[in-house]
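Generate coordinates for the entire structure from the input sequences, incorporating the hints supplied.
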Amino acid sequence: MGRKLVKQPLFTIVYLSFVLMIVAPIVYTIGTAFFSEKIGVELTQAFQGRTIFLLLKSSLIAAIIAFFSTIIGTFLGFLLYKTKIPFQGFFKVSLLIPLLISPYIFAVAWKDIFLFFFRDSTILPSYLTCILVMIIVFSPLAMLITGSAFMHINKQFEESALMVTSFRKMILKVILPLIKPSLISSFVLIFIFSISEFSVPALFGVKVFTTEIFTQFSAFYNHSMAILQSLLLILICVFLLYAERKHLADLPFLSIGSKGSSSKIYVLKKGEFFSLSFLFLWLSVSMIFPVTILFIQSFKNGVGAFIQAFDLMMPTFIDSIALSFVAALLIVFVGFVAAFSASNKPDLRMGKSFNYLLLFVFAVPSTILGISLIKFYNQPGLEMIYTTYAIILIAFVGKFSFIAAKIIGDALKGYPKSLDEAARIAGATFSIRIRKILIPMILPVLFLAFMVAFIFSLGDLGTSIMLYPPGTELMPIKVFTIMANAPQDLINSMTLIVFLTTLILIIGLYMIAKLMIRKYNCAYD
Amino acid sequence: MIELKNIYHSYGSEAVLTDLSLQLEAQKIHCLLGSSGSGKTTILRLIAGLEVPQKGMVSNGGITLTGDAEILIPADRRKIGFVFQDLALWPHLSVYKNIAFGLEEQKADRIKEKVFEILHHFDLEEFAGKYPHQLSGGQQQLVAIARSLVLKPDVLLMDEPLANLDVKLKRKMLAHIKKLKQDFNLTMIYVTHDHREAFSIADRVIVLNDGRIEAMGSLDEIKKSENEFVKYFLEY
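Chains as they are written, first to last, in the working numbering: chain A, 2 to 526; chain B, 85 to 320.
The set of hints was computed from the structure by calculation and includes no laboratory data.
This structure is a prediction, so every number in the text was calculated from the model and none was measured.
Quick list of in silico lysine-lysine cross-link-like pairs, DSBU-like style, CA-CA up to 30 Å:
1. B:Lys214 / A:Lys414
2. A:Lys437 / B:Lys191
3. A:Lys515 / A:Lys85
Just the calculated beta-carbon pair ranges, DEER-fashion:
4. A:Tyr511 / B:Gln107: 52 to 62 Å
5. A:Gly509 / B:Gly145: 52 to 62 Å
6. A:Gln157 / B:Thr102: 33 to 43 Å
7. B:Asn311 / A:Arg169: 51 to 61 Å
8. B:Ser178 / A:Phe88: 29 to 39 Å
Selected chain B positions facing chain A (in silico; Cβ < 8 Å):
9. Leu134
10. Ile164
11. Phe168
12. Trp174
13. Leu235
For each residue, glycine too, the CB sits at the ideal point set by N, CA and C.
Shown next, in the form of structure tokens:
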């Protein structure tokens with residue numbers, strides 16, 4: 002199959018389009034920064050002590066977030082994927098929601114919580130609140146990754162350990178070492194998400210690398226400085242992702258259903274009350290509390306603010322949903338092509354390099370991706386892209402295809418080669434094998450990738466804030482741009498509306514996904 | 085007659101077959117017998133056209149299928165059926181659709197009739213609408229065989245198809261497989277690591293070890309072989 006890949010013009014077209022439309026602008030922008038007339042001065046300024054200090058500070062914050070998110074997520078993952086606990090399904094779904102909602106919504110909500118209880122939104126140091134909000138947002142990612150790893154532990158490993166040691170020691174000496182790669186993977190991904198996150202630090206006024214780059218770009222119009230400063234950040238992210246990919250590439254990233262799961266499930270006896278209490282406490286902190294406060298604050302002066310917010314948000318719904326829908330379709334398509342080309346012939350240069358390009362673009366901070374696309378597409382003849390949503394679509398495809406490729410790549414690894422070979426012997430051509438055998442078989446995974454891409458695109462602020470063309474309106478941008486001057490209850494109402502819209506869409510997509518997964522699990526039992 | 089001549093094949097730097105030559109008579113059941121890593125599955129895949137040897141030639145009835153490290157006749161035009169070790173039944177397709185798939189791809193006529201004909205042969209008609217996971221292990225086995233035979237191949241390749249069945253079912257299936265040779269006028273190549281299985285169906289046995297042929301011949305010839313490896317392998 003792999004040899005035929007090079008003969009497939011579609012794969013070549015997708016690969017070259019990605020290079021030309023997304024990678025080339027980034028390389029071009031970084032290149033032009035180095036050829037700036039003031040390069041000497043700018044390099045000295047960009048890498049001066051202050052910048053290095055800012056980078057170290059941002060890295061430390063991201064590392065703290067990644068560390069605590071991984072610990073909390075692992076504990077949640079263990080309770081929800083390795084034990085029999087009441088309301089398991091409910092907790093699995095509801096604890097995942099913070100990951101799927103834009104981080105700035107939680108930032109607004111937590112500002113409100115402090116305002117509501119202490120009449121001062123800055124009662125806690127802004128760093129601390131920023132870290133807390135990001136831990137809430139990213140713990141579910143760790144829960145998903147480690148939960149997937151828990152599900153794949155062969156129960157015989159655990160049972161043979163339980164023959165000779167206690168439950169606690171078995172966890173420490175067998176389970177945790179077995180899921181160590183997932184713990185590292187979770188840490189690396191959360192670190193990268195955190196260090197690239199723009200909206201939460203911006204809302205809390207925490208000066209980090211991404212906000213500094215944004216300031217250099219939007220306040221001082223100093224593009225080359227912004228780019229030079231971000232080089233170190235890009236290097237760190239690329240290095241971490243490369244290491245993660247090199248060593249942990251065979252790990253299950255996000256598994257769906259329980260196919261192939263032979264993991265042992267534990268019944269909690271004494272620990273059940275404590276575990277349930279913890280789950281409920283975490284749900285309160287991450288969901289119930291912030292959303293309740295958003296509700297209260299939105300309606301504290303009646304329904305007027307909510308109605309006004311609805312009127313303001315109305316024009317953004319269709320654009321946001323339509324844009325995210327198209328983006329998600331493109332992301333899944335690109336992710337599939339990349340994952341497929343890499344899974345069929347590991348030595349095929351095109352497949353490998355495509356995946357490294359996805360990794361590179363994913364590691365580039367949103368602000369730099371934005372600057373690069375603006376510089377590249379703000380040229381005569383390219384107005385069709387620069388002045389329309391097309392530029393945001395391109396950015397989303399660049400930013401999120403890596404995640405889609407990782408999810409789909411995992412599914413392809415579990416796809417027995419013999420299924421394709423049987424079709425080949427039966428006379429099916431390459432395209433028929435893809436269309437009639439492969440795609441129907443991995444359809445639930447493709448849908449999962451679509452769902453993730455759709456939600457991420459819908460909530461993106463970091464890239465779209467840089468790129469949105471005049472006269473266009475998207476949900477996160479509308480909220481963010483109005484925030485500085487609008488009354489608190491209007492901001493809360495707008496945030497609440499974005500939250501509810503996203504939630505409704507998530508529930509809708511989840512219901513479809515559940516049906517597909519049920520069918521999928523039946524077909525594979 | 086199927087012929088493999090001076091075959092060299094490796095996976096990366098690991099050579100699996102080195103200068104292997106083999107002739108397999110038509111309309112006989114040949115068993116490739118050997119332990120894991122002996123190269124028996126690779127031979128099957130080379131005959132099927134799923135692998136290309138780095139050196140050597142594969143032919144069937146005097147027609148070169150693979151030569152000079154190049155596939156001359158692709159897998160789907162070799163008139164060869166393949167029953168995979170994991171059966172490779174497409175889980176999203178019903179039994180009927182699994183069997184009809186190849187006929188549809190080859191734009192055959194009277195597809196429905198042909199599918200039900202083969203289902204009838206294996207007493208599987210009532211399962212036509214079922215999905216693979218709704219069948220027992222033995223029924224899945226029969227569907228995999230039926231799917232391979234519906235295209236009327238001259239050669240049937242079977243890669244340890246009974247590995248996951250219990251002894252009783254295995255015995256029943258072996259009797260079924262043995263009958264296929266007459267019913268479908270087939271040359272069969274059956275891969276196994278179990279000499280009892282091989283001796284119960286084979287006309288000829290080829291004992292492989294580390295990519296080399298240690299012994300080859302009728303059941304009696306193999307049983308009487310003085311080759312040390314063969315003696316050890318057959319637990320004399």
